[in-house]
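Novice: Sequence:
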Amino acid sequence: MVTGKKLSSDPRHRLNTICPYYTMFPLEFPIRILNRTAKDTVVLDPFCGRGTTNYAARAKGIQSFGIDTSPIAVAIAKAKLATTSLEKVLALIERLLERAETCEVPKGEFWDWAYHPDTLDQICKLRTGLLKTKETDESVMLRALMLGCLHGPQQKDINNSSYFSNQMPRTFSSKPDYSVRYWKERDLKPLKIDIRGPLYKKASRVLNNRLNDISSTKNIFLGDSRHRATFKKLSKSVSLVITSPPYYGMTTYVQDQWLRHWFLGGSSEVNYERTPQVSHASANDFSTSLAQVWDNIYSVSQDQIKMVIRFGALASRSIDYDEILLDSLRKSIAPWKIYCRRKVELAEKGRRQAEHMGARVQSTPLQEMDYFIQLD
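Everything in the sequence shown is counted per this note's numbering, starting at 43 for the first residue and increasing by one.
By construction, these hints were calculated from the structure, which means they are not laboratory data. Be a bit skeptical, because a hint or two may be false.
[What the hints assert, rightly or not] Here are the simulated distance ranges between beta carbons:
#1 271 - 243: 38 to 44 Å
#2 199 - 377: 58 to 64 Å
#3 277 - 230: 44 to 50 Å
#4 149 - 128: 32 to 38 Å
#5 148 - 375: 24 to 30 Å
#6 275 - 383: 43 to 49 Å
#7 54 - 133: 23 to 29 Å
#8 201 - 54: 24 to 30 Å
Fair warning: this is a prediction, and the values are worked out from it, not measured in the lab. Glycine included, C-beta positions come from ideal geometry on N, C-alpha and C.
Using the sequences and the hints given, assemble the complete structure.
Specialist: Following this line, the structure appears as structure tokens:
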């Protein structure tokens, strides 16, 4: 049983909380592994999500790389490896807001109810400015801060707001029709929020601790880990993998993050195309996809490569997820061997679930397992 203070509430690790993201494992998971890891280890997370593994490696002075197909995940993960200051980020905010250039402001009932028009205008100015600005550690950090403040619970005290939006979840974007009905039924109007307030509040929290520069933002890649070409971007061979693949059956990542995707340059409407990083058509297809990832890891690995995989599935899928992982290892060209497995401690269980607007999570995960794997 996990006891004591959670790392997520430790002021030293607030950078890891820069943007709520609903498919995340707790910081304790990679930290516990890295506490017993040599400093010259090279870590990879091929499903890096919001970069918890990469942040943990940086906190321990260990180099790491991360890969994900989601531009939202990559934007957040990059911020975990950025090196900048509060003053530089605030200066960038002012430069982008002061630029006298036309920016596109989305129209429609959702946008009328989601944001006060003055707030939306500021958001769009920063969106346009960041899309046109050359990537720096300051722009990487500001982009992640914006994603973290873009939507969330509405505060009664407007001067203490942490988010820009009308009442919304923190971890995912509720769909437009549902959101508008929710706001109308409760007569919830968007507040006029100067985005500088929430941004300063969050930036002053997450930029309060100097971290080493063992890795850079260029160590995070947008790509599909099933494809060998993605791994050619790695500048070093890998000695340790710490990862957690998507739950089998969870295929709505793109739709659930549609508002953040818009901020990064995507459509102002929900895109319902399915673009998962692994195939969810069947358990066999899912394990085959994972095997492709394990093959690619093997191709860039050091001789003593080890993998630690946290694995689970949605309770709505009647499958043996333990067998899926075993099947993926059997299909791989590498002679992988599980040398230890253990149930995820109860205090950590369910930490990768989504938050809904006053509703319970509809698809809960089964008991997760940690698998410790090496070459036979």
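Novice: Do the beta carbons of residue 148 and residue 375 sit within 24 to 30 Å of each other?
Specialist: Because 47 Å falls outside the window, the suggested range is violated.
Novice: Does the Cβ pair residue 149, residue 128 satisfy 32 to 38 Å?
Specialist: About 34 Å separates the Cβ atoms of residue 149 and residue 128, which means 32 to 38 Å holds.
Novice: So does residue 271 sit 38 to 44 Å from residue 243, Cβ to Cβ?
Specialist: Between residue 271 and residue 243, where Cβ atoms are some 41 Å apart, the hint holds.
Novice: For the range 44 to 50 Å, tell me whether the beta carbons of residue 277 and residue 230 fit it or not.
Specialist: With a Cβ separation near 49 Å, residue 277 and residue 230 satisfy 44 to 50 Å, so the hint holds.
Novice: Go ahead and decide if the range 43 to 49 Å is satisfied by the Cβ distance of residue 275 to residue 383.
Specialist: Once the Cβ atoms are compared, 31 Å apart, the range 43 to 49 Å for residue 383 and residue 275 is violated.
Novice: Between the beta carbons of residue 201 and residue 54, is the distance compatible with 24 to 30 Å?
Specialist: 27 Å, holds
Novice: Does the Cβ-Cβ separation between residue 199 and residue 377 fall within 58 to 64 Å?
Specialist: 59 Å, holds
Novice: Taking 23 to 29 Å as the stated bounds, is the beta-carbon spacing between residue 54 and residue 133 within them?
Specialist: Taking Cβ atoms as reference, residue 54 and residue 133 lie about 25 Å apart, which means the hint holds.
Hint violations for this structure: numbers 5, 6, all remaining hints satisfied.
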